[in-house]
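Engineer: Sequence:
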Amino acid sequence: MTEQRIVKATRTINAPAATIFELIADPARQPEWDGNDNLAQAPAGQRITAVDQQFTMALTNGESRTNHVIEFDEGRRIAWKPAPTGQEPRGHIFRWELRPIDDNSTEVTHTYDWTQLTDETRFARARSYTEDALMNSVNRLSLKAENQRYTTD
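Numbering (full-length UniProt numbering), first residue to last: 1 to 153.
Honestly, I wouldn't trust all of these hints.
To be verified - Within a straight-line C-alpha distance of at most 25 Å, the following computed SDA-like cross-link-like pairs (lysine to any residue) qualify:
#  : residue 1 : residue 2
1  : Lys8      : Gly86
2  : Lys144    : Thr19
3  : Lys81     : Trp33
4  : Lys144    : Arg5
5  : Lys8      : Gly45
6  : Lys81     : Ala40
7  : Lys8      : Arg76
8  : Lys81     : Leu117
9  : Lys8      : Ala44
10 : Lys81     : Asp102
11 : Lys81     : Asp26
12 : Lys8      : Ala28
Think of the hints as simulated: they come from the structure by calculation, not from any bench.
With the sequences and hints as input, model every part of the structure.
Structural biologist: Below, the structure is given as structure tokens:
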């Protein structure tokens with residue numbers, strides 16, 4: 001049996017795409033909704049606006065990650081390859097895709113793609129990113145976006 005190396009979680013969030021995207025594209029906001037509880041904090045002022053940007057995150061285990069942005073479409077799509085700070089990316093990708101359904105609801109797909117991961121020491125961790133694990137982040141993002149929507153309207 002071939003191992004599944006692209007995992008996705010999709011659901012509809014009752015919030016505008018712009019509200020949701022802002023929570024994803026600002027790394028300082030990501031620890032608020034991270035479903036894996038491994039993001040400790042990110043310095044403010046790293047809002048992603050283009051491909052080839054990098055942003056850093058401190059992890060709850062004390063390590064630092066630099067994320068290399070490889071896809072960007074404002075309000076619609078963002079993806080990055082993480083790497084230990086000071087090192088090259090290992091080949092795995094975290095991707096977020098937003099498809100507005102109407103002005104107040106958005107289909108959100110979170111993807112973890114490790115088809116190009118070559119560092120076998122990362123395989124066990126990669127396997128932990130199941131659909132349920134990804135959905136934890138999508139669900140927390142949903143709560144944050146829906147709550148933000150109702151407190152700012």
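Engineer: Hint by hint, say whether it matches the structure.
Structural biologist: Verification of the supplied hints:
1. A distance of roughly 29 Å separates the Cα atoms of Lys8 and Gly86; the hinted pair therefore is violated under the 25 Å criterion.
2. Restraint check for Lys144 and Thr19: the C-alpha separation of about 10 Å stays at or below 25 Å, so the hint holds.
3. Under the criterion of a C-alpha separation no larger than 25 Å, the hint pairing Lys81 with Trp33 is consistent with the structure, at around 19 Å.
4. Restraint check: the Cα-Cα separation between Lys144 and Arg5 comes to about 28 Å, which exceeds 25 Å; the hinted pair is violated.
5. As the CA atoms of Lys8 and Gly45 are separated by approximately 29 Å, the hinted pair breaks the 25 Å bound.
6. Annotation: proposed proximity of Lys81 to Ala40 holds, straight-line Cα distance about 18 Å (limit 25 Å).
7. For a cut-off of 25 Å, the pair hint linking Lys8 to Arg76 stands: about 16 Å separates their Cα positions.
8. At roughly 10 Å between alpha-carbon atoms, Lys81 and Leu117 fall within 25 Å of each other, so this suggested pair holds.
9. Distance check on the hinted pair: Lys8 and Ala44 sit about 28 Å apart at the alpha-carbon level, beyond 25 Å; violated.
10. A distance of roughly 30 Å separates the Cα atoms of Lys81 and Asp102; the hinted pair therefore is violated under the 25 Å criterion.
11. Pair hint Lys81 plus Asp26 holds up; C-alpha atoms about 16 Å apart against a cutoff of 25 Å.
12. Among the hinted pairs, Lys8 with Ala28 is consistent with the structure: their alpha-carbon atoms are about 24 Å apart, no more than 25 Å.
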